[in-house]
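**Student:** Single-letter residue listing:
2 protein chains.
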Amino acid sequence: MKLLQLVIFAAATTSCTLAVAFATHATAEKPASPIYGVTIPDGYRQWQLIAPAQEAAPLNELRAVLGNAIAIKAYREGTLPFPDGTVLAKLAWKHVQSPEFKPASVPGAATTVQFMVKDSKKYAATGGWGFGRFIDGKPADEAQHRTCYACHQALVKNHDLVFTRYAK
Amino acid sequence: MKLLQLVIFAAATTSCTLAVAFATHATAEKPASPIYGVTIPDGYRQWQLIAPAQEAAPLNELRAVLGNAIAIKAYREGTLPFPDGTVLAKLAWKHVQSPEFKPASVPGAATTVQFMVKDSKKYAATGGWGFGRFIDGKPADEAQHRTCYACHQALVKNHDLVFTRYAK
Numbered sequence: 001m002k003l004l005q006l007v008i009f010a011a012a013t014t015s016c017t018l019a020v021a022f023a024t025h026a027t028a029e030k031p032a033s034p035i036y037g038v039t040i041p042d043g044y045r046q047w048q049l050i051a052p053a054q055e056a057a058p059l060n061e062l063r064a065v066l067g068n069a070i071a072i073k074a075y076r077e078g079t080l081p082f083p084d085g086t087v088l089a090k091l092a093w094k095h096v097q098s099p100e101f102k103p104a105s106v107p108g109a110a111t112t113v114q115f116m117v118k119d120s121k122k123y124a125a126t127g128g129w130g131f132g133r134f135i136d137g138k139p140a141d142e143a144q145h146r147t148c149y150a151c152h153q154a155l156v157k158n159h160d161l162v163f164t165r166y167a168k
Numbered sequence: 001m002k003l004l005q006l007v008i009f010a011a012a013t014t015s016c017t018l019a020v021a022f023a024t025h026a027t028a029e030k031p032a033s034p035i036y037g038v039t040i041p042d043g044y045r046q047w048q049l050i051a052p053a054q055e056a057a058p059l060n061e062l063r064a065v066l067g068n069a070i071a072i073k074a075y076r077e078g079t080l081p082f083p084d085g086t087v088l089a090k091l092a093w094k095h096v097q098s099p100e101f102k103p104a105s106v107p108g109a110a111t112t113v114q115f116m117v118k119d120s121k122k123y124a125a126t127g128g129w130g131f132g133r134f135i136d137g138k139p140a141d142e143a144q145h146r147t148c149y150a151c152h153q154a155l156v157k158n159h160d161l162v163f164t165r166y167a168k
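Protein chains in written order, with this note's numbering: chain Y, 1 to 168; chain X, 1 to 168.
Just chain Y, with the same shape it has in the complex (with noise of 0.2 Å):
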């Protein structure tokens, strides 16, 4: 029995060690934006939408804001400042003239995904907001997140940082 005892007592320890290190490795995997931290939320992509819009040249960009649940929650109810949890989702394409309609661009290849979280405590510093800017899934570098806070705070301080409105 004292020997059972042990075997079954390995063998949780190392099952719950395993699963320890498997989430460690996991969460150190995703990559996160310089600064804040931030990390691609999974299936942001079916996320609902707030808002599309275009970018001028030099960009070109046809743009889409999606929101979590708390986000359209918030919008729907016009909360502001957004709630603890508010995460947006920017997805942008360069656009290019549809082959098949000439009046219409359309979505051309993906440029950047970028993410606002809402987290009051953890960015504190920055009116609560969190930032992450991907390319190809990889997070751009400490530069480019320096300028996020610094713009939205100029423009949209009354907005609580956020640009986009709920397309009605």
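Everything labelled a hint here was simulated from the structure, so no lab data went into it. A few of these clues could be false.
You can't tell identical chains apart in this list, so a pair holds if it fits in one copy or across any two.
Stated by the list, open to error - Derived DSS-like pairs: lysine-lysine, alpha-carbon spacing no greater than 27 Å straight-line:
{"#": "1", "residue 1": "Lys90", "residue 2": "Lys168"}
{"#": "2", "residue 1": "Lys168", "residue 2": "Lys73"}
{"#": "3", "residue 1": "Lys122", "residue 2": "Lys73"}
{"#": "4", "residue 1": "Lys168", "residue 2": "Lys138"}
{"#": "5", "residue 1": "Lys157", "residue 2": "Lys168"}
{"#": "6", "residue 1": "Lys122", "residue 2": "Lys90"}
Since chain Y is already given, all that's left is putting chain X on it; use the hints.
**Tutor:** Quick look at chain X alone, frame taken from chain Y:
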């Protein structure tokens, strides 16, 4: 007892008649497109994004095409033709310069909301698709609806009459 039975029968009959009248009335109230009888699906604004688009002058519109669950599954799996039950929603807004960020155009006033509904039997004469174009919740006239199938048939016959591709 006879009288009571009669009262119960009369009450049940009246209630049933009212229920049928109400249901008929509710159906009649939902505006349907000419030719196709397409109505605005409940909850379409919560559907997932297929792709944004931009329309040049004279329309100057920003657009977003959303799809119901059947549509999204078909896009993900590359299913062509789209299965019966597919519904696509195209939301369009005038594009206006962002007052907060000059290089960006954002949605202004809503212009049209348009739907394509796949029902290979009901719409056999138009490639399996029914069309509906709505302005302020009201269907556009028959002349406008006459243009839908002809244009889709001429330009995107090879993609089951659907212009929009899934933006990745």
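**Student:** Hint by hint, say whether it matches the structure.
**Tutor:** These are the hints, each one checked on the structure:
no.	hint	in the structure
1	Lys90 x Lys168	both (18 Å within a copy, 13 Å between copies)
2	Lys168 x Lys73	both (14 Å within a copy, 25 Å between copies)
3	Lys122 x Lys73	within (22 Å within a copy, 37 Å between copies)
4	Lys168 x Lys138	between (33 Å within a copy, 16 Å between copies)
5	Lys157 x Lys168	within (23 Å within a copy, 31 Å between copies)
6	Lys122 x Lys90	within (21 Å within a copy, 39 Å between copies)
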